[in-house]
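**Student:** Below, each chain spelled out in residue letters.
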Amino acid sequence: MRAHSTLHEILPPEERAIEHVVARYQRVAPAVTRVARNLAGDEELLVRLGSSASARHREIVLDPGVFQAAYMRRAPVTPGEVALASALHEVVHLVSTDLEEQRPIPSSWFQGREAPESDAPVDLLTALAEAGGAAAVSMFFALEDGRQELTGMASYPGARSVLTDMYQSSIRSAMEAAKPLGQLAISGFALVGEHVERETLEKAAQPRVAVALADATPFFEAVKEAEDAWEVATLALQILEVAKLHGLASEAPSNESAPEKKNREELDSQALEDGVDQVRLLSPIVHNLDGYERTRQIEQRAGADGEKGPSDVADDAATDQLLRVSQAPTVFLPTGQGGRLMVSGFPERFRRFGAAGRETLIEAASAWGVAQRHVSGELFPLFAANQRRGLRSGYDAGDISPHAPLFLGAGLYQRMYERRALRSRRSYAVSLLIDGSASMLQPRPLSLGSRTAPWGLAAATLGAWTLARLCDELQIDFEVALFNRSFSARPDDSEWSFSRRKSQATGGLRRSQGQAADRLTNTINHYLVKPFNSRWRTSEDLLAGLFYSAAHPTRAAAEARKAPQESPPVGMFEKAANVDEFNLSYAAERLSRLGATVRVLVVLADGMTRGSLESLARSVDSVEHSGTTVLGIGIGDDTVQMAYGRHQVVERPDALAAAMVDGVRGALRRSLALSGLDEWWTRAATRERMTTWKEQAGA
Amino acid sequence: MPETVVFTDPSGEGPPIELEQFEVPSDLPDHAHRVGKIPEKDPHYVDLGMLYRFAAMEDVRRRFPEGYQPLHIAVRGHMGTGKDHDIEQFAAMLRLPYYRIPLTGEVRDVTLIGSTLLHGDGKGGTESRWEDGEITRALRGPSLVNLSELNAAGAETLFALHGLLDRYAALDLPTGETVHLRNDVRLFGTMNPTDLRDYAGTQTLNKAFADRWVIWEKDFPVVEQIKTMVERRYPSMAEPFSDAISRLAAEVNASFTAPDVATRVETPMSLRTVLDRVPTGLRVYGKAADPLRRAWEEFVLPQIDTFDRDHYETVWSAVVRKGPKGPVFGK
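Residue numbers (the working numbering), protein chains in the order written: chain A, -6 to 692; chain S, 223 to 553.
Possibly wrong hints are sitting among the right ones.
Just a few of them, taken from the derived set where beta-carbon distance is under 7 Å, the chain S residues facing chain A [what the hints assert, rightly or not]:
| id | residue |
| --- | --- |
| 1 | 403 |
| 2 | 479 |
| 3 | 480 |
| 4 | 525 |
| 5 | 528 |
| 6 | 532 |
| 7 | 536 |
| 8 | 537 |
| 9 | 540 |
| 10 | 542 |
| 11 | 543 |
Calculated directly from the structure, the hints in this document are not laboratory data.
Predicted model, so just to flag it, every value in this text is computed and none were measured.
No residue lacks a Cβ here, since even glycine has one placed at the ideal position from N, Cα and C.
Here chain A stands alone, though its shape is the one from the complex:
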């Protein structure tokens, strides 16, 4: 039996997705940054993620796609170890690689051949290509890669041992597949990096390569001691001579034409790279000539003043989106399924429509018969009493403790004031979860056979507004959240910034992540319009602004077109299928964390979940079992009947707002009845509930 499981076996494919790779990197990022600063000797150095690796002045950009490849190895390493080792590996190469120093080409590089007449200084890669062709450049990169790892990671033997395990797991198959020159390059890389013993390589190599290995070993040893890249280049040329002596590399025929020479050298170079690429972790800057030049171009593109070109900005938006997705919380369902949920505040610019929204709200409340005043009349005294009973002691945060005289006597002045153990003193909490997909903004009949209007989200927002006022008056913790599936808006987004960010991130991610771009940009979003911990007064304008956008989507869109940089991102409501169960589970968890005795969760949607109806039903069941009452309201859609134990289907806006308010009121009243308060109005509430709300047996 094997002593170790390999990474490939323990890591399911979905855990190798780019957002998971980035999330794992984020855990090691602080330590990686510190190591990078140590290596660069620059305490100001920034290390960030980007779509292309580069090392600019005081900034290193790591491409998470490079890390992703490391997770494909069949090596006895853990995902956390790979996250660290792959990032450190990239940092070491980006910090250490600078081949721009110019020198005259050493004449010793042309032994037995005519050296060029000019002794003008050139950069190392130009000199090497001139002296040894493409194969010499490839051999140089293989050796320099190993040398940088040996020296750069000398202080981090743990991380280096992860690389060793990864390389060792690939060496046998790589040697089998490689051509003779590739085998020599693999051996050089592995010996310089001290990852494998020579005997192991000799056993896996072809006989003539094994013989060449013995001759080349002193040169490999010298590479370890090399002071700079020029010295490594000299050794690369010498090793290539050894390869030629043993027939591993092609010899130049006497009458070879220039194109034939180029072709021959490129074939050798390809054989060399193909071999060593099977073993090493690819780092673009030390991969080959193309990789080095591409990385340098990216570095230079930033310009001397650090100003970014359009491509950099797009890359930033893409990386930014990638980071947001990787940092999003993962929600687990009772079915065991898990998914990321983009949780953020609702865009603040919706306040801009607040004043117009308030006027529209008054009109709509009147038109749809939703009372906005005296909703809590008879309930207030009883709720207030219950709240008091919920107190753990007679003083609240900031109040003087009843034990103050004792503390004063003991000189413990700072303990005069006591903080309560409970975060909230509320016994009741209500969470309202509203479908925020574009279909909620679609026109639908106001009543049977009548004209149509976009009342879905408007009526839901009106219901939320009414409930919010009720809860605020009764001092009940209250939350309104909106959920949809689209590109996720930020709290500070305007219509302009949202659409710009969206197009840049989508374009950038398509370039760097291919098909995964859709998954990374079309996310499951959960916006907190009025969180539990904020005061209703501060959220009123936001909700009113949302109401305006919902009641008059065309007008809102027109205003956004007129002033896109000031207007809220009305384009955030896209027609896409929601995944209700993740939002429900997340909202329920937030609700339960409050510690309230009575918890009510109202979910409002106008279509079937794109997830699984079974998952949704089990999620609802699970939340109900935890003691939270879940009310499902379907707008013109009866899917709620299949998923929610307590449900109602509404076809008109007045019915929707009434269902929301009455449903919550009924649930609260029932909780009072359960606690033994048998008053006339609780019995009335039960009758009322039975006539409007359908409940499945045993729900």
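Could you slot chain S onto chain A? The hints should help.
**Tutor:** Quick look at chain S alone, frame taken from chain A:
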């Protein structure tokens, strides 16, 4: 003739400093008590330069050059850098009774200086009697007073010490008595840096009080210094273990002292962890497959804040990943 002690510069730069040791006069009423307060030399102590600096200062004081005024040294450093140990070992070298007086937010001037207390007179009545506080008691004979956690005490408490620390060099007691700073008394202090770190109870040192001290910084030791300490204390520990422990500590502490909050940890690996806890863990788990990993899990990780755990574990993976094979001790 008093015996002498030689202090050598660990950096090899300065010349050795030879100083005469103190003697506790036999006619002191608390002679036996004071002699009992002279600390033992720690055979495992490694001077990283602080003791030599103390000795250099002492040497100047003894020569009492023109215009000289006695100065008092406060050592400032993070937890577990060995500040108090340095001062205690200096007292041991000079054969001075060592009084370590911890200052806390609860300490009042009466605790330090003294107060009049009521005592039974044996006849059914009471009489009031002056009782020296901790500092006053120490000042009445040869002593090295270490006021530890200087910046934890309230400023109003420390004001009472101003006269003692400056040119006046004496404490005026409410009884009318003046207790002068003797020539064989040395005043030292220690404190943690006042920044955003979690040193509960510390505060910015009052400027007037701080001005009465020479404040020297004590940094965390570097890899080689830690390794020397571990090897001095545990000569039989196998080198791969002492090497790994030293590297881990140096790396974590470099993260702790990083100025950038985004890349630093909030809990350092103190010398107590390095020299006491981890080696004990290695003895407890010496037979485990990976003794260092077990010691790390049981004796290091529980000490740290939850949010620092990822960073600690990353450092572990980068520096060690798989601990050395045993046996740990008995090289």
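**Student:** Could you work out which of the previously given hints the structure breaks and list their numbers from low to high?
**Tutor:** Hint check: 1, 2, 4, 5 fail, others pass.
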